[in-house]
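If you read the protein sequences in the order shown, they are chains A, B and C. Position 131, counted from 1, in the first sequence is what the numbering used here calls 131; the numbers after and before it change by one each time, with no gaps. Position 276, counted from 1, in the second sequence is what the numbering used here calls 276; the numbers after and before it change by one each time, with no gaps. Position 369, counted from 1, in the third sequence is what the numbering used here calls 369; the numbers after and before it change by one each time, with no gaps.
None of these hints come from the bench; they were simulated from the model. Each hint should be verified, as a subset may be incorrect.
To be verified - With a Cα cut of at most 30 Å, we get these calculated BS3-like pairs of lysine-lysine:
{"#": "1", "chain 1": "C", "residue 1": "K127", "chain 2": "B", "residue 2": "K199"}
{"#": "2", "chain 1": "C", "residue 1": "K194", "chain 2": "B", "residue 2": "K199"}
{"#": "3", "chain 1": "A", "residue 1": "K218", "chain 2": "C", "residue 2": "K147"}
{"#": "4", "chain 1": "C", "residue 1": "K147", "chain 2": "B", "residue 2": "K199"}
{"#": "5", "chain 1": "A", "residue 1": "K218", "chain 2": "C", "residue 2": "K386"}
As the list claims (entries may be wrong) - Listed next, with one range per pair, are the computed distances between beta-carbon atoms:
{"#": "6", "chain 1": "A", "residue 1": "S106", "chain 2": "B", "residue 2": "Q109", "range": "45 to 53 Å"}
{"#": "7", "chain 1": "A", "residue 1": "S153", "chain 2": "B", "residue 2": "H82", "range": "34 to 42 Å"}
{"#": "8", "chain 1": "A", "residue 1": "L300", "chain 2": "B", "residue 2": "H82", "range": "21 to 29 Å"}
To be verified - Footprint (simulated), chain A over chain B, 3 or more residues, beta carbon under 8 Å:
{"#": "9", "segment": "33–41"}
{"#": "10", "segment": "125–139"}
{"#": "11", "segment": "259–267"}
{"#": "12", "segment": "291–301"}
Each residue gets a CB set at the ideal place from its N, CA and C atoms; glycine is no exception.
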Amino acid sequence: MNTPTDTKVSFGGKVLNIFRTQRALPAFVGSVVIWLLTAAIAGRGLTGTLTSSIAIGTFLFFVGIGQMFVITSGNGGIDLSVPYVMTVSAYITASVMHGQNSKLLSGLLAALAVGIVVGLLNVFLIEVIAMPPIIATLSVGFILQSVTLVLSSKSSGIPSPRIFIDLATGNTGPIPNMAIFGIIVGIIFTLILTRSSYGRAIQGIGQSRSAARLAGLKSQRLTIYAYLISSLFAAFTGFLLAGYSGGPSLTMGGNYQLGSIAVVVLGGSLIAGGLSNVPGIWAAALLLTLLITLVNVAHLGAGAQDIVQGVLIVLVLTVGGTKRQKD
Amino acid sequence: MSKINFWDGVPFYFLVILLFIVIRLEPNALSYNGFNLLLSAAVPLAFAAMAQMFIMAAGDIDLGLGTFVGLVNVITAIVLIHHIFYATLIYAGMILAYVLLGLLVHNRQLPSIVVTLGASFVWLGIAIIILPSPAGEVPAYIINFFNWSPPIIPGPVIYLILIGLIGNFVLMRNRYGAVLRGSGSNADAIGRAGWSVAKTKAILYGLAGLFGILSGLSLSAITTSGDANNGASYVLLSIMAVIIGGGEFSGGLVAPAGAVAGAAVVVLIGTVLTFLNVSSDYQIGAQGLILIATLAIRAVRRFVTGRVKVK
Amino acid sequence: MSPRDDSKVRLRADNFSKSFGATRALSDVSIVVRPNELVGIAGHNGAGKSTLLRSLAGLTKPDKGRMQIGGHEIEMKDGLTAGQSRNFGIHTVYQELSLCPALRVDESAAVVLEDAKGIGWQRKAWKKLEAALNEIFPGHGILAGQKISDLSIAKRQMVEIASATLTSNRELELLMLDEPTSSLDADATATLYKWLRKRSNEGLSAIVTTHRLNEMLTHLDRIYVMRDGKIIAEEPTSALTREKLIALMGGSHESDSSTEKVVLSKASTGERDKVSISGFTNNELKDISLEAKAGEIIGLVGLEGHGQRALLEAIVRTATSRTPSAYRAIKVQGNIAYVSGDRVVAGIFKFWTVGENISASSLKVLSKIGWLSRNSEKKLVDSWSKRLEIRGAVTAPIVSLSGGNQQKALMARSIATGADIILLDDPTRGVDQGTKELMYAILKEEAAAGRTVIWYSTENEELIHCDRVYVLRAGEIVEVLEGDDRDEARVIAASFGAAGEN
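Could you put together the complete structure from these sequences and hints?
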């Protein structure tokens with residue numbers, strides 16, 4: 001006979017299944033509530049608020065997807081370099097494109113290059129130097145900040161190519177292009193997470209690194225891809241955001257550091273990793289964007305927005321997470 | 001018999017080397033006023049480094065320290081000058097908030113990264129609501145207190161030594177300090193020995209809050225006015241100071257005296273860069289590089305001495 | 001030495017019972033410890049020794065039982081905390097170290113000593129700890145300022161033991177030591193027992209559990225023998241010999257002729273070894289040589305924690321390593337699948353369904369250009385779920401299944417990969433008999449189909465299903481059993497080593 005251990009059979013088995021599939025629900029409900037509140041206070045523009053918020057929220061959504069992959073991989077995975085990558089990418093692509101429509105593709109490629117370089121750098125520090133992800137990505141971010149400052153002083157105020165601005169801010173029919181683009185990307189990545197072997201595997205290593213190792217999953221490689229995805233999304237979003245806003249700016253990254261983590265958590269993904277979903281991130285991005293509008297409409301000032309975001313995150317973590325099992 | 005070995009002195013070696021460099025670049029620095037100027041900025045950072053150190057001793061990390069210090073600065077510049085009583089109440093409330101954060105993190109097994117990141121936005125939000133744009137006036141007694149400088153030994157030096165001594169006393173010279181560090185190192189063992197682990201977390205976080213307040217107050221003495229964004233850089237800088245001072249991310253392994261030296265090192269690095277006419281644009285990147293370098297050296301050393309890091 | 005008096009008892013434990021799910025860890029266990037007595041508890045794997053000690057120390061709550069110590073009577077099912085146990089004067093040295101790596105030796109002592117406070121607390125604590133260390137382990141060479149993390153395992157064990165003997169204001173009534181000498185050298189072991197005897201003469205009681213039979217016979221007064229959660233014997237050591245102890249625990253050097261003759265159904269068709277190890281040594285294993293051909297079922301047995309898992313790990317590392325020869329002494333031909341017995345920590349993906357758990361190792365095979373084929377997955381999962389008779393829908397969360405069914409899912413996961421070599425790490429841990437039988441049948445089928453199975457088991461009855469059994473002791477192979485020799489008695493005997501050893 002062997003020395004036994006307590007094998008707890010969870011009662012919430014059936015509940016777990018529902019729980020898993022509906023973890024995105026609170027974010028959707030929250031968005032609706034805030035939307036209605038906003039419309040009620042503003043007194044008008046119900047659909048307008050919604051579509052523009054979806055459009056603007058797409059940027060947050062994108063960096064949220066990237067952050068989600070990193071968080072899902074578990075092991076304390078987090079990417080704090082996101083806002084810095086966004087900004088440096090915006091500046092680099094702006095100077096590559098130099099405002100010319102013909103150079104749009106070069107700009108895109110430059111953004112992808114930035115994403116790959118930063119992603120590999122993050123991974124190197126975390127896996128080879130064994131730095132904790134928080135410190136590694138934060139340090140990289142600060143280095144990027146310097147790079148940005150130098151770049152911005154050399155190339156100030158380069159506007160984005162005209163065609164880019166038109167595309168990003170334009171509408172197809174009544175719906176903003178960004179909203180459509182966001183939903184398409186969202187669908188693609190929902191499928192990647194739920195139906196690809198990578199999506200399955202990354203959620204596996206997030207649940208238990210040791211189980212994953214013994215099951216033959218290659219944790220290191222999967223983690224590398226996760227950080228690459230995050231940096232690519234950050235770089236691409238910075239590129240995109242510059243197009244949307246007409247050009248890069250030093251403060252564009254501002255809300256995206258906490259924001260990218262917030263949408264992951266509020267969207268129902270577990271901060272410890274292993275259980276994630278994409279639609280929730282979309283809804284959470286919408287929720288946070290609507291929140292900004294609500295705060296403005298209610299004349300509450302910028303500080304209120306920060307407070308609400310911060311409190312929301314702590315609340316959701318406290319109430320929502322599965323209690324970490326004592327092993 | 002305390003055993004101090006070669007490696008414990010590393011932050012101090014760095015400090016001496018940097019001072020040497022600074023003096024080479026600017027001979028006038030080797031003077032009473034010189035040291036005063038060089039090290040006055042290190043005092044608020046040393047307080048912040050202590051705060052971060054207490055959290056790291058618990059095995060956690062505090063990403064909200066920067067905006068917390070900023071909030072203290074705002075309160076000091078706006079409230080303190082008019083209502084000492086209320087301001088003190090607010091400071092006490094902020095310390096209490098940290099205690100509650102610590103209990104929350106411990107009780108619900110939450111990751112401190114995200115909780116403190118969330119808290120950082122709450123502090124920032126409150127600060128911005130109170131003071132949307134820089135203004136206010138720090139009371140003269142605060143300015144005078146932290147800028148006090150007796151003859152012969154510059155004030156900042158005395159303050160730094162004091163901070164180091166206090167930190168050292170609380171965590172190293174004190175029996176409960178060993179319990180505190182132990183709770184970050186092997187909480188189960190501490191629990192089995194009969195101590196309340198929840199209490200240790202509450203105290204560590206409470207101490208962090210207290211030193212965060214002190215950091216904000218001393219920073220206010222330098223800035224003399226309020227700005228919600230003051231102290232924003234203290235998160236990374238305080239982590240750097242603790243790491244350079246010999247602290248590690250695995251709980252319980254911290255060195256208070258080293259962290260204070262680390263704070264001075266961090267400040268002096270900035271000074272050296274300035275003297276070398278390195279644009280301030282590069283400073284923040286340099287800080288990131290130095291943090292990476294410190295940890296990389298440590299990784300190499302671990303690899304060489306064969307101790308494997310458990311992931 | 002005061003005469004043995006039955007009415008004078010320091011600790012009495014009555015009718016302790018504890019079940020973990022389907023496993024009966026303790027079955028109506030009653031023991032008595034008197035003053036001036038050193039009592040030993042002997043038993044093979046899973047006999048219940050650790051559970052008993054943990055119950056007395058307040059770390060595990062028995063389902064029922066009563067404890068009497070120092071005039072107090074405690075109903076175990078009401079719960080006993082570690083602190084309370086300590087308050088009763090029970091100090092325990094655990095098998096897992098309970099020291100804080102970040103602290104210094106003197107600080108570590110201060111944490112457990114109530115009166116080491118105020119000015120000079122480190123000195124006070126160190127003085128007491130040093131005195132204890134000097135008394136128990138003269139010549140220890142441990143310094144006050146050393147960090148626990150810098151100490152060798154042996155020195156940590158010494159600190160742990162010495163710390164356990166420290167008291168502030170309460171008397172040390174009963175010292176419980178769980179495998180105290182496993183990391184100590186011969187000198188330290190000798191001085192430890194010398195000290196124990198001295199203290200017992202002065203009144204201390206102690207319980208020692210260890211696999212080192214000679215130590216027990218030489219130094220202790222009385223031994224309880226446990227088996228399958230019950231006390232099956234209690235004798236003074238003067239009435240015991242090594243052979244008798246082993247026999248009581250179920251061991252024998254002679255093979256039981258009534259064992260079934262299981263025909264070796266492996267066709268040794270001159271096939272190459274699938275796994276061949278020759279003279280492998282690392283920090284846990286010594287000079288291991290082993291071979292396993294296609295179609296063979298190899299068993300690794302012996303006392304828990306004597307290198308079996310380390311051996312499996314070494315094989316896994318060799319097979320999955322990207323560098324061509326991670327270990328020159330180990331050669332692996334083919335791919336590997338691993339079935340873990342530690343489901344919670346190293347096995348299941350707790351947020352997933354049964355089906356997702358089963359397919360976890362087969363993702364590559366089930367995907368085309370990265371896209372997971374739902375159909376293929378469903379086919380794979382359904383067929384394996386059926387074959388292993390898993391009770392529970394494949395769409396059910398894995399945590400809703402019983403331990404046995406979870407284990408079946410883990411097994412399905414590994415076998416579904418079609419790997420040539422299957423490694424099993426004590427997979428029948430906490431699993432019901434019916435499930436075990438099914439697992440044995442499946443393993444036999446797979447072996448008959450040409451797979452190689454290497455199986456670490458702590459349940460000696462299982463070795464009847466193996467073609468060849470390697471008994472490990474302290475990281476070395478001490479016996480290889482085949483044919484008629486494959487019986488539990490031989491294993492138990494071999495587990496404890498040769499007569500001259502500890």
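Right, here's what the structure says about each hint:
For the hint linking K127 (chain C) to K199 (chain B), the alpha-carbon distance of about 28 Å falls within 30 Å, and the restraint holds. Under the criterion of a C-alpha separation no larger than 30 Å, the hint pairing K194 (chain C) with K199 (chain B) is inconsistent with the structure, at around 40 Å. Distance hint between K218 (chain A) and K147 (chain C) is unfulfilled; the C-alpha atoms sit about 35 Å from each other, more than 30 Å. Between K147 (chain C) and K199 (chain B) the CA atoms are separated by roughly 24 Å; this keeps the pair inside 30 Å, and the hint holds.
The suggested pairing of K218 (chain A) with K386 (chain C) holds, with an alpha-carbon distance near 29 Å, which does not exceed 30 Å. Between S106 (chain A) and Q109 (chain B) the beta carbons are some 48 Å apart, a value that agrees with the proposed interval 45 to 53 Å. Between S153 (chain A) and H82 (chain B) the C-beta distance comes to about 41 Å, which sits within the given range of 34 to 42 Å. Range check, L300 (chain A) to H82 (chain B): about 24 Å between beta-carbon atoms, so the 21 to 29 Å window is met.
Taking a C-beta to C-beta cut-off of 8 Å, the segment 33–41 of chain B contributes 0 residues in contact with chain A, too few for the three needed, and the coverage statement is violated. Requiring three or more residues with a Cβ within less than 8 Å of a Cβ of chain A, the coverage given for the segment 125–139 of chain B holds, as 7 such residues are present. Figure legend: the segment 259–267 of chain B, annotated as covered by chain A; annotation inconsistent (0 residues with Cβ-Cβ distances under 8 Å, at least 3 required). Counting residues of the segment 291–301 of chain B whose beta carbon lies closer than 8 Å to any beta carbon of chain A gives 5, which meets the minimum of three for the stated coverage.
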